[in-house]
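Protein chains in written order, with the numbering used here: chain A, 1 to 209; chain B, 1001 to 1209.
If you're looking for bench data, these hints aren't it; they were derived computationally from the structure.
A quick note: this is a predicted structure, and the numbers were derived from the prediction, not measured.
Incorrect hints may appear among the rest.
[As the list claims (entries may be wrong)] Calculated pairs, DSSO-like style, for lysine-lysine (alpha carbon to alpha carbon, straight line, at most 30 Å): (1) K197/A <-> K1197/B; (2) K1055/B <-> K1126/B; (3) K1133/B <-> K1197/B; (4) K1055/B <-> K55/A; (5) K55/A <-> K11/A; (6) K1055/B <-> K1011/B.
2 protein chains.
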Amino acid sequence: MARTTGSDGEKTEAAVREAAVGLIARLGYEAMSMRQLAAEVGVQAAALYRYFPTKEELLFTLMREHMEGLLESWGTARPITPDPVARLAAYVENHIAFHIERRHATHVSNMELRSLSHERLTQILKLRTAYEKELRAILRDGAEAGAFEIDDVGLTAMALIQMMTGVIVWFRPGERLSIAEVTTTYLSMTMRLVGAKIAYSDARQLRMR
Amino acid sequence: MARTTGSDGEKTEAAVREAAVGLIARLGYEAMSMRQLAAEVGVQAAALYRYFPTKEELLFTLMREHMEGLLESWGTARPITPDPVARLAAYVENHIAFHIERRHATHVSNMELRSLSHERLTQILKLRTAYEKELRAILRDGAEAGAFEIDDVGLTAMALIQMMTGVIVWFRPGERLSIAEVTTTYLSMTMRLVGAKIAYSDARQLRMR
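Extracted from the complex, chain A is given alone in its bound form (with noise of 0.2 Å):
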């Protein structure tokens, strides 16, 4: 029965997640209320509280879980050659890849970071550093094997994240342009802006080697 109980709990918790999202992507986290959240899940807000002690917890948790399961996307996509170039564009299609999969919750983790308390919006400044971290290692490297011309690894590094994020801004799946398609054009625009000496296409077959 406790097997049962746990199981019902995090199908409760992943619906409160989901909703959570949603709703705080459509109104913003301040005007979302814990009753409003617990109707659309179609629980009692006491439920809600359960899982989330307070509002504050919650929004911390989807923060959290975002950078979280981006830095693990990242693992596994990382590949294992030096070259900065095959590197790169494995940063580029995970990125787009991870982030038009999940349009609100990117939305809600770059718009509600000042409703965070100050412990806790380290804690998701930290994670986000260790992952822009993981792409100026790339532009660094290149830079210093003569493979990019760059001028600000910091600041090239902002740019190409937030050029690439961007795309969940306009991009909708089933119109013009595929996701592939989106993905090999930015990939172009990203090599071109970095100064790469070689193109894509060679950077995606050294890839696949």
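Dock chain B against chain A, hints included.
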């Protein structure tokens, strides 16, 4: 007397706008109440409704004026030269300068489209399209003249706008880099991204002529 009242009225209206931008950027539009805004400005809630009959009217005014201001500033900054490199450089410089000065208003304009009625959303999107069209024309002219190497004009315009507007997320005056330094780096990233056959320093001189 009427004149004095009018002048006070203009001051109050400006104070309302400024306070509204700050509150919406901090709390989100849905969470902000007109009562709260009135308290922030130091007037009665009834006074607000003289300027903005509804809360949505206020949001719409903020967004419309932001976009009209952007179009107007580009109208002034737009160089007469047909040279696509010089025009692109001017677009980048103006875009970054305009948004760095209006960080909160930019945040509100990007985040709160969800809260506009369909008709008003359409009006704002028309202004956005007009502004983006200017960039697409520059990119298209550059590609046709063989000055740029561009795979997809629409995607390149979105990528550039999101990369440039992203500056407001991390840029703080008085830190490591000045606005001029940031702009110079973004200009060279832009020129590489569009595959410009000319270095930015030459483009700058071209504009100065």
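Legend entry - K197/A paired with K1197/B [C-alpha distance capped at 30 Å]: 15 Å, holds
Inset, instruction - Quickly compare the C-alpha distance for K1055/B and K1126/B to 30 Å and report which way the hint goes. - result: Given that 30 Å is the threshold and the Cα spacing comes to 22 Å, the pair holds.
Inset, instruction - For the pair supplied as a hint, K55/A and K11/A, confirm whether the alpha-carbon distance does not exceed 30 Å. - result: Roughly 19 Å separates the two Cα atoms, so the pair holds.
Legend entry - Agreement of K1055/B and K1011/B with the hint, judged by alpha carbon distance not exceeding 30 Å: Holds: K1055/B and K1011/B sit about 19 Å apart, inside 30 Å.
Legend entry - Given pair status - K55/A, K1055/B, alpha carbons within 30 Å: With a Cα-Cα distance of about 26 Å, the restraint between K1055/B and K55/A holds, given a limit of 30 Å.
Legend entry - Straight-line alpha-carbon gap K1133/B to K1197/B, limit 30 Å: Between K1133/B and K1197/B the Cα gap is close to 23 Å, so the pair holds against 30 Å.
Going through the hint list in order, the structure satisfies each hint without exception.
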